[in-house]
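A.B. asks: Under my numbering, the first residue of the sequence shown is numbered 1, with each subsequent residue one higher.
Keep in mind the hints are simulated off the structure, nothing from the lab. Since this is a predicted model, take the numbers as computed values, not measurements. Glycine residues also receive a C-beta, built at the ideal position from the N, C-alpha and C atoms. Hints may be right or wrong, so weigh each one.
[Claimed, not checked] Distance ranges between label pairs, derived from CB positions: (1) PRO223 with ALA153: 39 to 49 Å; (2) ILE220 with PRO118: 21 to 31 Å; (3) LEU246 with LEU181: 21 to 31 Å; (4) ARG144 with PHE333: 25 to 35 Å.
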Amino acid sequence: MTTSAPEQASPRSAGTVREVFLAFLKLGVTSFGGPIAHLGYFRDELVVRRRWVSEKNYADLVALCQFLPGPASSQVGFALGLLRAGAGGALAAWAAFTLPSAILLVGFAFGASLFDNPVADGILSGLKIVAVAIVAQAVMGMARALTPDARRASIAVGAVLLALLVGGTVGQVSAIVLGALAGLFLCREAVGTAAADALRFPVSKRAGITALSVFAALLIALPIAATLLHSTAVDVADAFYRAGALVFGGGHVVLPLLQAEVVPAGWVTPDQFLAGYGAAQAVPGPLFTFAAYLGAFAAPVALGLVTAAIALVAIFLPGMLLLVGMLPFWAHFRAMPRAGALMRGANAAVVGILAAALYDPVFVTAIVGPAEFGLALVCFVLLVAWRMAPWIVVLVAAAGGVVIGLL
């Protein structure tokens, strides 16, 4: 495995549903550290190692998913599965990446108190630290491919400053918009290559419009159904679908929305909510699987698995419907003459956003002392210089976190 970006990729080569499922299952059990770190794991496994897409096309997907509500890393994974093996590949990618953490969190909801001791705290600290190395490796690799000249490097630096100073989703989306506009003026070379390099997803415009229509219909119909039917299952579907449809930025941004839905309703106590949030930090995969933990409390134990499954599907569904709805129009946009210049600027801004996230929240959350900083450096060298597989480095970091915690 190498850490440099591949010179050639074969984004249109066909794969199988089984191949996609196994690739994302590996990611689902090893991708710790939150959505930004997940993008680093995806890049290492699917762009560098497997060469499913090129570095530029990968950055295009990241830019698109940053614009949409929902969990950005899961949307990127869903799109890559769709590209590789059609609708079956998309579902396989989502299920394989999502279910490992969802199963662990549902088990925790049913009383598996696995995270209440010093050793577990040390493991959690190590998993946060390894995310620093993973994201740093991704930023370095993407910068080589997407900011190879002074103009695009300057756009990336501007995106870093904007993302850090403005903060939140507003800062990220603004950075991509302004980066794209800057690219239109600064990155006009080879404009005609945009159409040739664009990804073609197996989604028709009719299918895209249908997906957008279903998204809107559910957003309107579920609250009405919840009011009329007084069904716990419908109440759960409504609450978690709304949370998934209205949150930009994913990850931690969804937490206040979920808390406002489930705590006042009496489904969980404030202490149970916080305990589940802590457990969600210790498992791999998307933070949106926290919904499965919360859904398990919405009904008696006998029906807890049902409401957990409803909550899990409902919170992911709106983001995936929006993604499918946008993909055919995204391909049309990418074929426009000036799209190449816009996307070169947007891709440089994506590098800047990842670099900003490397600092906050990844670095400032994980690195609280010299020992943690040293462990992060060790993990980075193991990834970049020794070229170790990420899952091995995750184990090293977890062990290192335990040692630091016991000292």
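A.B. asks: Compare the structure with each hint and give your call.
C.D. replies: Against the structure, the hints come out as follows:
no.: 1; hint: PRO223 with ALA153: 39 to 49 Å; in the structure: 47 Å, holds
no.: 2; hint: ILE220 with PRO118: 21 to 31 Å; in the structure: 49 Å, violated
no.: 3; hint: LEU246 with LEU181: 21 to 31 Å; in the structure: 27 Å, holds
no.: 4; hint: ARG144 with PHE333: 25 to 35 Å; in the structure: 26 Å, holds
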